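2 protein chains.
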Amino acid sequence: MAKIAVLGYGVVGSGTVEVFYRNKENLEKKAGEQLDIKYILDVRDFPDSPYADKFVKDFNVILNDPEVSVVSEVIGGIKPAYDFVKSALLAGKSVVTSNKELVAAKGAELLKIAKEKNVNFFFEASVGGGIPIIKPIHTCLEANEIDDIAGILNGTTNFILTKMIRDGMGFDEALKTAQELGYAERNPAADVEGTDACRKICILASLVFGKHVYPESVHTEGITKVTLEDVEYIDSYDAKIKLIGCAKRSEGDKIFIGVFPAVIRNESQLSGVNDVFNAILVRGDATGDVVFYGKGAGKLPTASAVVSDIVSAVKHAGTSRSLTWKDSEQSFVRPFEEFRCANYIRLCADNIKAAKDKAGEIFGDKIEFLSSKKQHDNELAFITDVMTEKETLNACEKLSENAKILGRIRVLDY
Amino acid sequence: MAKIAVLGYGVVGSGTVEVFYRNKENLEKKAGEQLDIKYILDVRDFPDSPYADKFVKDFNVILNDPEVSVVSEVIGGIKPAYDFVKSALLAGKSVVTSNKELVAAKGAELLKIAKEKNVNFFFEASVGGGIPIIKPIHTCLEANEIDDIAGILNGTTNFILTKMIRDGMGFDEALKTAQELGYAERNPAADVEGTDACRKICILASLVFGKHVYPESVHTEGITKVTLEDVEYIDSYDAKIKLIGCAKRSEGDKIFIGVFPAVIRNESQLSGVNDVFNAILVRGDATGDVVFYGKGAGKLPTASAVVSDIVSAVKHAGTSRSLTWKDSEQSFVRPFEEFRCANYIRLCADNIKAAKDKAGEIFGDKIEFLSSKKQHDNELAFITDVMTEKETLNACEKLSENAKILGRIRVLDY
Chain A
30 MAKIAVLGYG
40 VVGSGTVEVF
50 YRNKENLEKK
60 AGEQLDIKYI
70 LDVRDFPDSP
80 YADKFVKDFN
90 VILNDPEVSV
100 VSEVIGGIKP
110 AYDFVKSALL
120 AGKSVVTSNK
130 ELVAAKGAEL
140 LKIAKEKNVN
150 FFFEASVGGG
160 IPIIKPIHTC
170 LEANEIDDIA
180 GILNGTTNFI
190 LTKMIRDGMG
200 FDEALKTAQE
210 LGYAERNPAA
220 DVEGTDACRK
230 ICILASLVFG
240 KHVYPESVHT
250 EGITKVTLED
260 VEYIDSYDAK
270 IKLIGCAKRS
280 EGDKIFIGVF
290 PAVIRNESQL
300 SGVNDVFNAI
310 LVRGDATGDV
320 VFYGKGAGKL
330 PTASAVVSDI
340 VSAVKHAGTS
350 RSLTWKDSEQ
360 SFVRPFEEFR
370 CANYIRLCAD
380 NIKAAKDKAG
390 EIFGDKIEFL
400 SSKKQHDNEL
410 AFITDVMTEK
420 ETLNACEKLS
430 ENAKILGRIR
440 VLDY
Chain B
30 MAKIAVLGYG
40 VVGSGTVEVF
50 YRNKENLEKK
60 AGEQLDIKYI
70 LDVRDFPDSP
80 YADKFVKDFN
90 VILNDPEVSV
100 VSEVIGGIKP
110 AYDFVKSALL
120 AGKSVVTSNK
130 ELVAAKGAEL
140 LKIAKEKNVN
150 FFFEASVGGG
160 IPIIKPIHTC
170 LEANEIDDIA
180 GILNGTTNFI
190 LTKMIRDGMG
200 FDEALKTAQE
210 LGYAERNPAA
220 DVEGTDACRK
230 ICILASLVFG
240 KHVYPESVHT
250 EGITKVTLED
260 VEYIDSYDAK
270 IKLIGCAKRS
280 EGDKIFIGVF
290 PAVIRNESQL
300 SGVNDVFNAI
310 LVRGDATGDV
320 VFYGKGAGKL
330 PTASAVVSDI
340 VSAVKHAGTS
350 RSLTWKDSEQ
360 SFVRPFEEFR
370 CANYIRLCAD
380 NIKAAKDKAG
390 EIFGDKIEFL
400 SSKKQHDNEL
410 AFITDVMTEK
420 ETLNACEKLS
430 ENAKILGRIR
440 VLDY
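Chains as they are written, first to last, in the working numbering: chain A, 30 to 443; chain B, 30 to 443.
Quick caveat, the hints were computed from the structure, so don't treat them as lab data.
No copy labels: a pair is met if it fits in one copy or bridges any two.
With a cut-off of at most 30 Å between alpha-carbon atoms, the simulated DSS-like pairs for lysine-lysine come out as follows: (1) Lys53 x Lys240; (2) Lys277 x Lys58; (3) Lys53 x Lys144; (4) Lys32 x Lys86; (5) Lys59 x Lys146; (6) Lys144 x Lys344.
Computed from a predicted model, the values in this text were never measured in an experiment.
Whole structure, please, built from the sequences with the hints as guidance.
This is the structure in structure tokens:
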């Protein structure tokens, strides 16, 4: 029998215990042996829980119990999760986690320890909640050279953008609605500033490109500057604004990586991903574009991924060869100013005719002017040709002599 | 070193060899050992191939070579593929296949032999081409009770329907275009009559519900009766017509299963799947709806799935516990006349007012009348409430007293 410990009895932890006992019989069939949760670690008391006898407050009880072979860390954050996970791995226990912050910050180190100790370190739930993505990348797409991965990785911001696009709500009102519905925290910074999506694209990029990508090296922008005017102009371009995390292979074994609001054409599978749903697009050289879609957060979806990892950890003793990556130098990530894409630009000017001429002069023949149903007389919006970030910034500076730039959103071709 | 044999050097076979050698080094890293293709079986000669020395015409050479541990069957059809696969498994070799006809007809038997011989029988490429779906279901979603699975499983029919919907092409013209582009065979029956989609939903249902579902027990309709008029009315309902294969858990451990054109609302992830793309929706009790999207056919996507299975077969000696199902009795599938759904119905009548009154009388309050941009004066289209197949047929018969029924398409809520 495999004995499991669950660290943390918050939303995901209680979900994990619930999903585990609901499907126990079936899970044992899949794992090929009997399973039980022996401990639940939490600082709080749960005297009325049906699992009251499993609660412990001291992690050492779990660490020193040789019967526990799998530890499920669902506390979140770096402290004390990092210490718990590291010491569990060092003690020869497999660890599964939903903790994206931990994996994004310490993945390479923890995977290395897992390898040395010949145990598993799984984290399917850390990206895309209940969407299978980590395992499919390393067990289904290995016949592909993956050059590009991109996704809508944060449900809260996708909900806010959906409200803006569908219901014409302003950002502040949409955020308030998300908070009222429990989709956004009272302090929404980690979501709306892109931090959460950044951690997730770091994990995906590390997995796909084989070297750890640290959040600090990722160009990250949130959605706070997106306006309803942008939404309307971009609608006229048959496109939608989505917060995208993306990573692309570039020359010299380096990558581009970023998180920012992006213009996504309506024919893309990513444009139809609404509300709190997430989707991840993987571009393989053999299989083409593959998209994984589902609920990116929530108690039961996330718990379902955690429990699935528990079963895998029991079933496959020893480290998975393909689920690993090395540590990296800063230079693995190319400077973002060299990133190339088209751009949506919105501006206002007293002399709109002169500004339009100037834009045409600066951005060349391929500029495409947009119209909005609620177009203001002194406003102008257009899509540029593909150019580097640096060229775009320079061009915008030049344009500022004749106009005030109100918004700029990168255009991506997924 | 693991030695592999590829049976069949047609489109998928040559793609398999191509993808294998293109990514060999990487695949060996994933598999944890050296790999090589020792034999390619084909009745034809390929003297100019770089792999000319690997070709054999006699399967027994492969069967009797103890060095060959993995056989990749990409011939298609039952004969001789079934004999080859069965004898390879009996000889203790793992088999991977892209052959949906074989898996749908003989899956339970072949999985049983694989289990007895403690070897693998993998068939990721048999459903959804390069889309990871078989492995994610049995290794990522095991913490879920899956009650429902549905998909756009055939690229050819989806291409034809997309042409009808987007470009207003009639069925015949759209089929001709598909044939010219190489998406449809000269004899398109297996695609347009739903046979191909039927085999794929059989495989998915067998995997999800644990018992073999034979194609003969599946209610199967193709898309040949779908008209442009239907497309237009359904557009006014904010929906699209898609050929759907679906299987649902029902009472008493039985299932409903069918393949037929269906009305899918635009908010569904399945409605935005266009051209030759496929998508499969899995509805889990914990994780909710998860959708897998990508290229459902084609040389390299399919080969990519075959090669991935080869690596898995090398990596995991022994049968996968969760990738299996039992044989079943016919009674496992509930009679289709008990299947419940809403319906789109289109009719014409000399006295359209009387027909409308009659329809309201027969189908009750919840009937919803549709309008089309090109509506004919003597035509009527509407959506019924949810009812059983039997009730629908009876109602249509009654309605036929006052009208001629021109079309009926089931409405599904994915």
